[in-house]
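Q: The chain contents come next:
Protein chains: 2
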Amino acid sequence: MGQSITLANLNDFIRGAAILGTGGGGDPYLGRLMLQQELREVSGVELLPLSALPDDAFAVSVASMGAPTVFVEKVPNAEATVRAVREVEARLGRRIDAVIPLEAGGINATLPLVVAAQMGVPVVDADGMGRAFPELQMTSFNIKGVRLCPLVTADDHGNTVLYDTVDAAAGERLARAVCVRMGGIAQIALYPMTGREAKASATPGTVSMAIELGEAVVQARLRNLDRCEAVAEYFRGRSPSRFAAVLFDGKVVDVRRETKDGFTVGRLVLEGSGPSGERMEISFQNEFTMARCGGEVRAIVPDLICALDRETGEPVTTEALRYGQRLKILGVSADPIMRGPEAIAVVGPAAFGLSEPFEPIEALQPR
Amino acid sequence: MGQSITLANLNDFIRGAAILGTGGGGDPYLGRLMLQQELREVSGVELLPLSALPDDAFAVSVASMGAPTVFVEKVPNAEATVRAVREVEARLGRRIDAVIPLEAGGINATLPLVVAAQMGVPVVDADGMGRAFPELQMTSFNIKGVRLCPLVTADDHGNTVLYDTVDAAAGERLARAVCVRMGGIAQIALYPMTGREAKASATPGTVSMAIELGEAVVQARLRNLDRCEAVAEYFRGRSPSRFAAVLFDGKVVDVRRETKDGFTVGRLVLEGSGPSGERMEISFQNEFTMARCGGEVRAIVPDLICALDRETGEPVTTEALRYGQRLKILGVSADPIMRGPEAIAVVGPAAFGLSEPFEPIEALQPR
Chain H
1 MGQSITLANL NDFIRGAAIL GTGGGGDPYL GRLMLQQELR EVSGVELLPL SALPDDAFAV
61 SVASMGAPTV FVEKVPNAEA TVRAVREVEA RLGRRIDAVI PLEAGGINAT LPLVVAAQMG
121 VPVVDADGMG RAFPELQMTS FNIKGVRLCP LVTADDHGNT VLYDTVDAAA GERLARAVCV
181 RMGGIAQIAL YPMTGREAKA SATPGTVSMA IELGEAVVQA RLRNLDRCEA VAEYFRGRSP
241 SRFAAVLFDG KVVDVRRETK DGFTVGRLVL EGSGPSGERM EISFQNEFTM ARCGGEVRAI
301 VPDLICALDR ETGEPVTTEA LRYGQRLKIL GVSADPIMRG PEAIAVVGPA AFGLSEPFEP
361 IEALQPR
Chain Y
368 MGQSITLANL NDFIRGAAIL GTGGGGDPYL GRLMLQQELR EVSGVELLPL SALPDDAFAV
428 SVASMGAPTV FVEKVPNAEA TVRAVREVEA RLGRRIDAVI PLEAGGINAT LPLVVAAQMG
488 VPVVDADGMG RAFPELQMTS FNIKGVRLCP LVTADDHGNT VLYDTVDAAA GERLARAVCV
548 RMGGIAQIAL YPMTGREAKA SATPGTVSMA IELGEAVVQA RLRNLDRCEA VAEYFRGRSP
608 SRFAAVLFDG KVVDVRRETK DGFTVGRLVL EGSGPSGERM EISFQNEFTM ARCGGEVRAI
668 VPDLICALDR ETGEPVTTEA LRYGQRLKIL GVSADPIMRG PEAIAVVGPA AFGLSEPFEP
728 IEALQPR
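Going down the list, the sequences are from chains H and Y.
So that you can map any letter, position 172 of the first sequence is 172 in the working numbering, and since no number is skipped, the others follow by simple counting.
So that you can map any letter, position 91 of the second sequence is 458 in the working numbering, and since no number is skipped, the others follow by simple counting.
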């Protein structure tokens, strides 16, 4: 028996998931509302350690697909998500034993808990990336050979669309077009897999990690420590081989953002508080993708770039960025499963249209 | 036992289907090539009169979805269409007994014959509109309450997408987006129905009508009669209540055309050969939608507007329009099933973004 998500640790979880959202995944407040309502009706949602998932169990991922700028106006719909899961079940002739999160970050970290509560199954304490990414093929599941399809998109009106594509990239391309026509957001069920496949492809422990990340911020507040440093320290403490550090401390002086082809894309410029007036520029596609200082790359996907309020340590998502915000930018090395050559082909800079090559964040810092 | 389509009447059928295509449906030459190849392997494709379809038979429509401008470069794929039909069969747990054409015009009049030949089933001598229309909900099937879904789109690469939507308009909207992402053309299977439903909703006799229309042009050539008048006469002779007449005779002086959102849209201007220099302007969305002279509407959807070469009587499709062509514009009243108030809501001018109201073509001619 693993942990549970309950009303007691809800806020920690939501905050931690927003940190792992690396700027994407939508307003954490919405995820909190969704899950809070659900947790008032059930005592808690059981987290099943990845290692405890039986080899022959059947799990599926769920998510809200679309631009976070749209989520703000149109809250993800759990009922439609359950409908999408039922379609996958019907297609494969099998009932699910668990929900396995697609993303560790943002609303898509919360939605699996709501769906699992409604369907009466546990949530696997793992996900498909150890962070958030904007496209469906950008997962360790896909990198390790789990099929995306049958993929189902569903909307609030009762429309469902089921995809059977030759690869995950084709599924993303077709479903994104439908998502746009569904109003910029679609509820999806995807990556149906066995327990054996999950254990070979998922990033373990990321749901409980979100809870602990959120707790680390609270602990830092109680002890009046630097919240952002505390977050970095948590990452390093959890996995000593992991790089995690505050890369920049500054004020937002420019934000350009548009909702385009089903994504929130743009760039952010921060000006340092020191006398040198150094600037950091960060590009994003739902999530932050690359951070540069004076033309030099300091962090690039799949490594994590997180924006935290410099005083409170609260994560700031890309659609909530505003002129004048004081932020600390945290850089964290991605889970090793996301850094191999086969992973870089799927989630590396080129997948985001960036011409800069991937370099590990630990090699990009000034000495 | 009804007629068959064989190598002997292939050319007549293709020409007649292009006339009924009302400018849409793509280059008839491609349809001829597809069907010719198939007819070399089978002796003929059986046409089943609509009345001979048993009530409990199971039929499905097939089509190429997309902009005719794209069809020219990317020939509709019969194998993918069969795959789409198989998906519908699997979804409903039933094998088809016949293919029922969606459209009487263009490549989509030909494709059902190719698919039926490959699947070893007859083609019902009927269709869902008695002409061609650009959108999936624009059918007598839908007008009479047959469900569009399960609808399947398939591409050349092996991707299939299955839709279950609340209404036909939602199916069109979502599938159109996928069609664009599939490269501007998708093979589809749609409107699965029983024989009883077919008899209550289809436009009967339109496949054999295409053969006879094509024959009428040939007969006029043999007798050195006006080919375009002969086509009009055929329509009137087949159904005495039907209006059919040459509305304009002139030269193409302007064509504007673009491929937009999965359609070929634009307008055509003709200048009359007489001394008055009268002009006709015709708008189109895949098919011709409205013809005007000096600002006065002379024909409007769902009535048929056909462009024929003034000398040969060969139909000219919207993607083949060129400056300098000499054309006669034929206007034909739509099948009565397409003119009722419930039909006008689905296939009338407003459905094409036209602000002019529907008026029957017979009421629009100068006295």
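Honestly, the hints are just simulated from the structure, not real lab data.
Please note: incorrect hints may appear among the correct ones.
As the list claims (entries may be wrong) - DEER-style ranges, computed between Cβ atoms:
| no. | chain 1 | residue 1 | chain 2 | residue 2 | range |
| --- | --- | --- | --- | --- | --- |
| 1 | H | D156 | Y | H524 | 28 to 38 Å |
| 2 | Y | D523 | H | L92 | 43 to 53 Å |
| 3 | Y | R706 | H | A90 | 37 to 47 Å |
| 4 | Y | P724 | H | D156 | 25 to 35 Å |
| 5 | H | L92 | Y | K627 | 34 to 44 Å |
| 6 | H | V218 | Y | V533 | 42 to 52 Å |
| 7 | Y | D523 | H | G294 | 40 to 50 Å |
| 8 | Y | D523 | H | D309 | 31 to 41 Å |
| 9 | Y | E678 | H | G158 | 51 to 61 Å |
| 10 | Y | K627 | H | V166 | 21 to 31 Å |
| 11 | Y | R623 | H | A90 | 42 to 52 Å |
| 12 | H | G158 | Y | P703 | 26 to 36 Å |
| 13 | H | A350 | Y | P703 | 50 to 60 Å |
C-beta atoms are modelled at their ideal positions from N, C-alpha and C, and glycine is treated no differently.
Q: Now, for every hint given, state plainly whether the structure supports it.
A: Results for each hint:
With their beta carbons about 31 Å apart, H:D156 and Y:H524 fall inside the hinted range of 28 to 38 Å. Between Y:D523 and H:L92, the C-beta spacing of about 26 Å breaks the proposed range 43 to 53 Å. Checked against the given bound of 37 to 47 Å, the beta carbons of Y:R706 and H:A90, roughly 40 Å apart, stay inside it. With their beta carbons about 34 Å apart, Y:P724 and H:D156 fall inside the hinted range of 25 to 35 Å.
Between H:L92 and Y:K627, the C-beta spacing of about 38 Å keeps the proposed range 34 to 44 Å intact. Between H:V218 and Y:V533 the C-beta distance comes to about 45 Å, which sits within the given range of 42 to 52 Å. Between Y:D523 and H:G294 the C-beta distance comes to about 48 Å, which sits within the given range of 40 to 50 Å. Taking 31 to 41 Å as the suggested C-beta distance range, the pair Y:D523 and H:D309 does not conform, at roughly 50 Å.
Between Y:E678 and H:G158, the C-beta spacing of about 53 Å keeps the proposed range 51 to 61 Å intact. Distance hint for Y:K627 and H:V166: a CB-CB separation of about 28 Å, consistent with the stated range 21 to 31 Å. Between Y:R623 and H:A90 the C-beta distance comes to about 47 Å, which sits within the given range of 42 to 52 Å. For H:G158 and Y:P703, the hinted distance range of 26 to 36 Å is satisfied, since their beta carbons lie about 33 Å from each other.
Between H:A350 and Y:P703 the Cβ separation comes to about 58 Å, which falls inside the hinted range of 50 to 60 Å.
Of the numbered hints listed earlier, those contradicted by the structure are 2 and 8.
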